[in-house]
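Number of protein chains: 4
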Amino acid sequence: MAGYADTKDDHLRRLRRIEGQARGLQRMVENDKYCIDILTQVSAATSALQSFALSLLEEHLAHCVAEAAAKGGPEAQAKIQEASDAIARLVRS
Amino acid sequence: MAGYADTKDDHLRRLRRIEGQARGLQRMVENDKYCIDILTQVSAATSALQSFALSLLEEHLAHCVAEAAAKGGPEAQAKIQEASDAIARLVRS
Amino acid sequence: MAGYADTKDDHLRRLRRIEGQARGLQRMVENDKYCIDILTQVSAATSALQSFALSLLEEHLAHCVAEAAAKGGPEAQAKIQEASDAIARLVRS
Amino acid sequence: MAGYADTKDDHLRRLRRIEGQARGLQRMVENDKYCIDILTQVSAATSALQSFALSLLEEHLAHCVAEAAAKGGPEAQAKIQEASDAIARLVRS
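Chains as they are written, first to last, in our numbering: chain A, 1 to 93; chain B, 1 to 93; chain C, 1 to 93; chain D, 1 to 93.
Any given hint could turn out to be false.
BS3-like, lysine-lysine: derived pairs with alpha carbons at most 27 Å apart [unchecked claim]:
#1 B:Lys33 <-> A:Lys71
#2 A:Lys33 <-> B:Lys71
#3 C:Lys71 <-> D:Lys8
#4 C:Lys8 <-> D:Lys33
#5 C:Lys33 <-> D:Lys8
#6 A:Lys33 <-> B:Lys33
#7 C:Lys33 <-> D:Lys71
I should point out that these hints are in silico values taken from the structure, not numbers from a laboratory.
The structure displayed is predicted, hence computed values, not measured ones.
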């Protein structure tokens with residue numbers, strides 16, 4: 001079971017909204033909308049993706065990582081390394 | 001005519017791919033995929049949105065802003081202020 | 001003359017504050033301060049650097065790029081390409 | 001004892017380099033260096049701050065958070081919440 005089982009519906013709602021934003025951006029480009037207005041929507045979609053990632057990461061730390069840490073050993077270290085790498089990708093993207 | 005008229009098809013292709021990434025994320029959540037793998041895909045989608053924004057912004061500077069600057073006056077200043085604000089939103093999002 | 005001649009003192013003030021934040025971070029590490037408090041200060045210093053960059057970039061667009069655009073030709077294109085590359089580095093860093 | 005006790009010297013070396021970058025930026029502004037060259041240095045300093053933050057965060061997860069998670073209870077939850085908030089600040093700054 002994934003660490004985000006309880007919030008799956010909430011995540012799916014967010015992602016459908018992000019998919020809608022990506023479709024909205026296509027309509028803007030098709031209709032020759034003004035660049036700056038398109039950029040504003042891109043910033044909104046980027047923020048929405050980041051918020052989704054941050055809430056997924058928080059659940060991952062609270063479930064998968066915390067459980068592995070409670071057991072300890074190399075598995076715990078591996079989970080923390082893996083989470084740290086994912087955080088670095090988010091911070092740098 | 002929008003500043004990105006020549007590259008409209010390329011932009012639409014990118015945005016359709018981003019829409020596909022947003023749908024792929026929904027499938028991952030629906031199928032209880034591992035958090036870290038989902039986060040990797042979010043980072044990829046975020047980078048794709050940023051690349052789209054940066055290429056749109058470059059065209060905006062090269063066309064709309066450059067033309068306004070060539071004419072000069074308050075219109076030029078307004079265009080540069082507007083572009084700067086959009087850049088700030090991108091850097092901070 | 002640099003495009004930021006009028007605001008040089010303001011820029012130097014900001015940068016001295018950022019230097020002070022970097023020294024403050026060293027004191028925190030030397031005194032074994034709590035990681036989370038250090039991270040909060042890093043976020044503040046990063047935001048200060050970004051704000052400095054954004055105000056410098058705005059002046060660059062308003063002066064150097066606008067003047068080159070007013071003259072037109074390959075020099076104008078080169079300036080816009082150069083500014084776009086700098087913006088991409090800021091967005092991705 | 002802070003979670004970063006073993007790597008304190010390495011952290012201090014990084015932070016002294018970042019302080020040096022902030023001083024270098026002041027020299028560039030004082031000497032009217034070209035905006036774009038200054039912006040390149042700002043991107044380098046921002047990346048250095050992010051790398052410092054990410055390595056500190058990784059140690060924090062591996063020590064403070066892992067130990068709290070091993071004990072469990074509300075203390076563990078509080079530590080994970082606190083780390084998640086710090087990650088959100090980093091991603092958004």
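The hints, checked one at a time:
A threshold of 27 Å between alpha carbons decides the hint, and for B:Lys33 with A:Lys71 the separation of about 23 Å falls inside it, so the pair holds. For the hint linking A:Lys33 to B:Lys71, the alpha-carbon distance of about 22 Å falls within 27 Å, and the restraint holds. For a cut-off of 27 Å, the pair hint linking C:Lys71 to D:Lys8 is broken: about 54 Å separates their Cα positions. Between C:Lys8 and D:Lys33 the CA atoms are separated by roughly 11 Å; this keeps the pair inside 27 Å, and the hint holds.
Using a Cα cut-off of 27 Å, the hinted pair C:Lys33 and D:Lys8 holds, with the two alpha carbons roughly 11 Å apart. Between A:Lys33 and B:Lys33 the alpha-carbon distance is near 37 Å, which puts this suggested pair outside the 27 Å criterion. A distance of roughly 23 Å separates the Cα atoms of C:Lys33 and D:Lys71; the hinted pair therefore holds under the 27 Å criterion.
Violated hints for the displayed structure, listed by number in ascending order: 3, 6.
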